[in-house]
Amino acid sequence: MKTFTCIITILFALSLGAAGAQGDRDYESIDPSGQTVVYWHQYTEDSSQGDTMARLVEDFNSSNEYGITVEAIHQGSYGPIEDLMNTAILSGELPNMVAGYANAVAGWANEGVVVDINLLLNSPEWGIPADEQAMLNFNLLNVNQLDFPPFHGMRVAWANQNSLNVFYTNLDIVEALGFERRVPETLAEFEEISCAAGASEMYQGYPLDTGTSHFESFVAAHGGAIFDGEAGQYIFESDEVVAAMELFTRMLASDCAYLFAERYQNTGDFAIGLTPFAAGSSAGIPFITWDAATAEMTDEWVVSAFPGAEGVGRTLQLFVPSQAILTSTAEAEVATWLFVKHLASPAAQLAWSGATGYFSIRNDIEVTEADFTEPRMPYARFVEVQGILADEDLSVYSSPGLPSYSAVRGIVPNTIAEVVHGDTPAADALAELNEEAADLHDELDG
Amino acid sequence: MLNTRRGRILIENLTAYIFLAPAGCLILLFGLFPVAFAFFVSLHRWRRFPDEYVGLANYEKALGNVGYILFFWLGLLGLAAAAKIGKRLFKRQEQGTAGRPALAMLAGLISGYAALLALDWFFKLIPVIMLIPRQVRGQHTSLALFMEKLGESFSQPDVLAAGNLMLIGLLLAALIALVLLLRFRQEISGPIVINSAVTTVLLIASVFSLRLTISEIEAALASARESGESLPIWSQLVFISAGIALMALAYVIFQRGIKAHENRRFALLALGGLALAVGGYILMAEAPAALAAADDDLLAGFWITIMYATGTVPVQLAIGLLLAYLLFQPIRFRAFFRMVYFIPYITPFVATSIVFRVIFDAGQYAPANRMLTIVGIEPQRWILERSSIGSLLGLPDFLAGPALALIVIMIYSTWTYIGYDAVIFLAGLGNIPGELNEAARIDGASGWRIFRHITLPLLSPTVFFLSLVAIIGTFQAFTQIWILRTGAVGSKVNTASVYIFDQLQNSNRYGYASSMAFVLFALILLMTLFQNRIMGRRVFYG
Amino acid sequence: MDRDGAGIPKPAGGGLNASASRERLNLSKISIYAVLFAGVLIAVGPFLWMVSASFMTLSEVNLTRLLPEELLWENYATALRRANFLDIELTTDPGTGALQSVGISGYIWNSIRITLISVCGSLLVCIPAAYAFARMKFIGRNFLFAVFLSTMMIPGIVMLIPHLLTVIWLGRLSESLFGPAGAWFNNWPALTIPFFASVFNIFLLRQFFFQIPEDLWDAARIDGAGHPRFLIAVVLPLSKAPIMTIITLGFIGSWNALMWPLLVTINDDWRPIAVGLSNFVTSDTPGDLNLQMAASVITVIPILCLYFVAQKQFTEGIAQTGIRG
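Chains as they are written, first to last, in the numbering used here: chain A, 1 to 446; chain B, 1001 to 1542; chain C, 2001 to 2325.
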């Protein structure tokens, strides 16, 4: 048995050596001509995202001066992509570019298959010059800049599908319940209105999602986070997490909130005028609009950041699924980067943002009504959401980009369910969660 | 030469192996190799790629000290099995079966050892091959490159050394086989060769397992001593072993007692009862401490699996049997019924699960809730309800039972398999000679009595087969649960296999997941054997 | 008296004193039919709603109506197109208008190909093996059979990664031997070959082969036939029913396979229908339930047709192999 360990250690060292060599890779004197770039994405055909991406790929293929061909393949949603990436990592035959959330990408980076985009971004030959970089929105892009060990400042992916976890308010219901016709400013107000709705005949309380990112939004609304980047540990026992958990428990216990089964049922219920509030991705606005129109719901509803706890301003959680460039030859990596750069160009960003309603990673473009072609979303809504981001007092949260987050995300809903049903006291459940998360952090993030 | 009896036997053997070759190779690749590999993985920390060797740590993480105890027992069991086969071998030798048993045993010994050498080589080779994708990173990954690296991995020093040893072993085995075939063809008994090979493998494997366990326990004790804690692994091992041994003894005594003569029966039964009570008490007292460090989610998973199995298997078999029995009566449209009952089984889970989600939706107007409202019961939250059925009925905690969401999944699973069971029962009914029923009817037996005393006993092989398949199925059940579970229910519906998959898929903890899967495998195997013993005896093979 | 399940001997009941208790029989018959029809309702109720919902508008589905107001056939057209189930391209000669080539693609076509290959392969592998176990004497027969059987009890989840490794490296080996067509990954071999050697099939066939009378073998041997000829000329013609059982079960398994194909296909060249359906149903955007139902119904139809055709022999096969544990 010891001999196994021995070989494994040797090989491990060897492979680390290889990864190290790749870290100092010299991209300057490379010729990316004639490369083929395989790109796995999750944009369904027959959707505005899918169509636009196909068009952007076609543009690039026909216009780039190196004869690079991008081959974009739809691989289903993020789950199947992660499964396929596991296979690809095991087999060693990787695509050149793949879509994923920061934590998934971090897991791949941990296996050494992800290119540090900073090397390409700042390359004199291929990179984006400093004056143009100033036009980029690094608030969004830096979600993928992992500043903690073992990544040490690696930029593991490039954002391209930016949305926000936003808060929806039906103003007519709020007014009908006898409150001031506006978005609640604090969590206390939010709770009070939800309880009134729950107690009423006509409406239901708040559709409470036990998913992890929804929970994180409420932790952020209390001014906290689930991971402390500086201390390098999960902090599920922090006051803010406990407060968010208590809010959930209280609201469910007194019928101010309810749990739902189907995915997107929360925004669905909101769209048919059943609930005063809902939370969800801003990418869901087209569907709410459409559902509301189908159900002939005419109430006025608005999109905003989350109300905060006492002393905490408005908060928002960013959803930034991104594209990672995967290791291959230096030529192919550069070719892939050129495609990424193409996607980041003003024209492409304008087309992408206009067709999908996602925010641009550029500060220097403005999507006008004429550019806006997403058929199911009114332009006014797009402007409304852009307006939220422009708020100077807004604090922005994003989920930790750690490999272990995928696993932690899987167990948080269990804890929430246990606590809100009174099976386990919040303190015990959160302590146990914290311990499990710490184990996972030790095991998976090293 | 081929016309002699020996020649015919040789040809028959060769033909049989040729017939078996494709299936055998595939089973080796997709049945046996994965098991060996997964076991290897379970002894390591392993994310996507091999990490360090950790011994039994994964098992300890899953089951606490019971992990060590299991391996200790595995080693003992292996030794016992080896001893049993070995004893039989020597008996045969003494009986002086024609031929040269000693030579046959030598052949078996060498081939058994060669098999182990092959295994050793294999486990040295596999990690090297697995890591090839890491080596080729940053290069153009062409097929030629991979093949080149594959070739190189065979000549890694360690692999090469193990490979040479294996080659020598295999050559020796082949040589002996050749000599035996050519020289003593008639005098060699196949079973002796195989039995001695199996004994060799068992012996070495169990010694290995025991040594591993003991060294792991020692290491655990040492580290506990360092941190100033006491770790009663040895006493737990002794007590739990004693408890289980007493239970087994009780079983044996009961078996004897039932058969024994009137006046000894009471004494035997009392003795058995005593053994049962003492064994049970010891287990009850020791198990919690031994399991203290176990993974609670896994233990909960086993408990949920057991509830799931007891909730589905009997119901599914009973309804299946009822439908089959009714279908067997002289009625019209039998083909139609048979066809229709099978539909749930052949429809993909992806499709039917959507319908079940709609039916058992938590909404007031969901079909299941509408029906409840008609009967005058409050609407339920079904697949969202993590409260147990018992607590919903207001029963005390210990009668709580499974979560309502799990009940929905049980209904779904039962619904899926009833038709399959019914069709197989129908076939079983068809195999019962009609004259028996006829004769009983003439004797004036009622329908129920015919069913109870003639049909059911004659059907027992089918019942046995179906319950075996169903129980193995429920312990491995995965898809039905995976697609009907909701976040709101949390882990209340996570059977062991779902939990294991979760660890594999979401956390990429391959080593840990593999170790838990082996525990599950052991449990399934144990249950199958148990069922075979208990039910197998009652099966009437007519 | 119907004998639709040959191999099922005369059903019980009827007989001598049937006329004496006709009254009672009728009553009990009614209750038998009542129970059976209740069973039908439960068994196909969900399925029928699936069909019904596939014709509804989205709001009708959301309100869980029982029946649609009007049949929306276009749901099927939309589902077929959106889910990429079947795509037939006819290329005609521009001059004469004659048909030049037919290009079929889509998940249904893939599933048909995969199912055919895996069922045929399974028969080719399992029949000889089962025959050897049932009718030949060779060293290690019982041992090997026990080994085969024990592989059935291993939880499938542990096999996933090792299977992947096997497929990856065997595929590379075969690719370097046979060129790109020999690839396993994202090609038919990865989707079919691991399922060729089904222990369950071998077990089933072995049970049946046991029952073939010894006289037949003696007669064949006198005619100078060896095992291979006996198997092909005598045993196979007798085994239509169990083979049909295997084909049906193999078809169902292969058609509904989801997890494994998801892992070993990276584009739609060979992706089977269950993966297509699952992708369609669980895409990241909220779906339309009525279209999902239509897609589900489309998925089920081929299997239903097959079972409808094969069911008589399928049942017979189960009866004849006398699965007895």
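If you are wondering where the hints come from, they were derived from the structure by calculation, not from laboratory data.
Predicted, not measured: the structure shown is a model, and the values here were computed from it.
The reader is advised that the hints may include incorrect statements.
Calculated cross-link-like contacts (lysine-lysine; reagent style DSSO-like; alpha-carbon spacing at most 27 angstroms) [stated by the list, open to error]:
| no. | chain 1 | residue 1 | chain 2 | residue 2 |
| --- | --- | --- | --- | --- |
| 1 | C | Lys2029 | C | Lys2312 |
| 2 | B | Lys1087 | C | Lys2137 |
| 3 | C | Lys2312 | B | Lys1084 |
| 4 | C | Lys2029 | B | Lys1091 |
| 5 | C | Lys2240 | C | Lys2312 |
| 6 | C | Lys2137 | C | Lys2029 |
| 7 | B | Lys1259 | B | Lys1084 |
For Lys2240 (chain C) and Lys2312 (chain C), compute the direct alpha-carbon distance and say whether it is at most 27 angstroms.
holds (11 angstroms)
Is the straight-line distance between the alpha-carbon of Lys2029 (chain C) and that of Lys1091 (chain B) 27 angstroms or less?
At roughly 62 angstroms apart (the allowed maximum being 27 angstroms), Lys1091 (chain B) and Lys2029 (chain C) break the hint.
Given the hinted pair Lys1087 (chain B) and Lys2137 (chain C), is their alpha-carbon gap at most 27 angstroms?
Since the Cα atoms of Lys1087 (chain B) and Lys2137 (chain C) sit roughly 25 angstroms apart, the hinted pair holds (cutoff 27 angstroms).
Given the hint that Lys1259 (chain B) pairs with Lys1084 (chain B), test it: the Cα-Cα distance must not exceed 27 angstroms.
holds (26 angstroms)
Lys2137 (chain C) paired with Lys2029 (chain C) [C-alpha distance capped at 27 angstroms]:
Measuring from Cα to Cα gives roughly 51 angstroms; hence the hint is violated.
27 angstroms limit on alpha-carbon distance, applied to hinted pair Lys2312 (chain C) and Lys1084 (chain B)
violated (48 angstroms)
Would the hint linking Lys2029 (chain C) and Lys2312 (chain C) be met if the CA-CA limit is 27 angstroms?
Holds - the C-alpha atoms of Lys2312 (chain C) and Lys2029 (chain C) are around 24 angstroms apart, at most 27 angstroms.
The structure fails hints 3, 4 and 6 (numbered hints given earlier, in ascending order).
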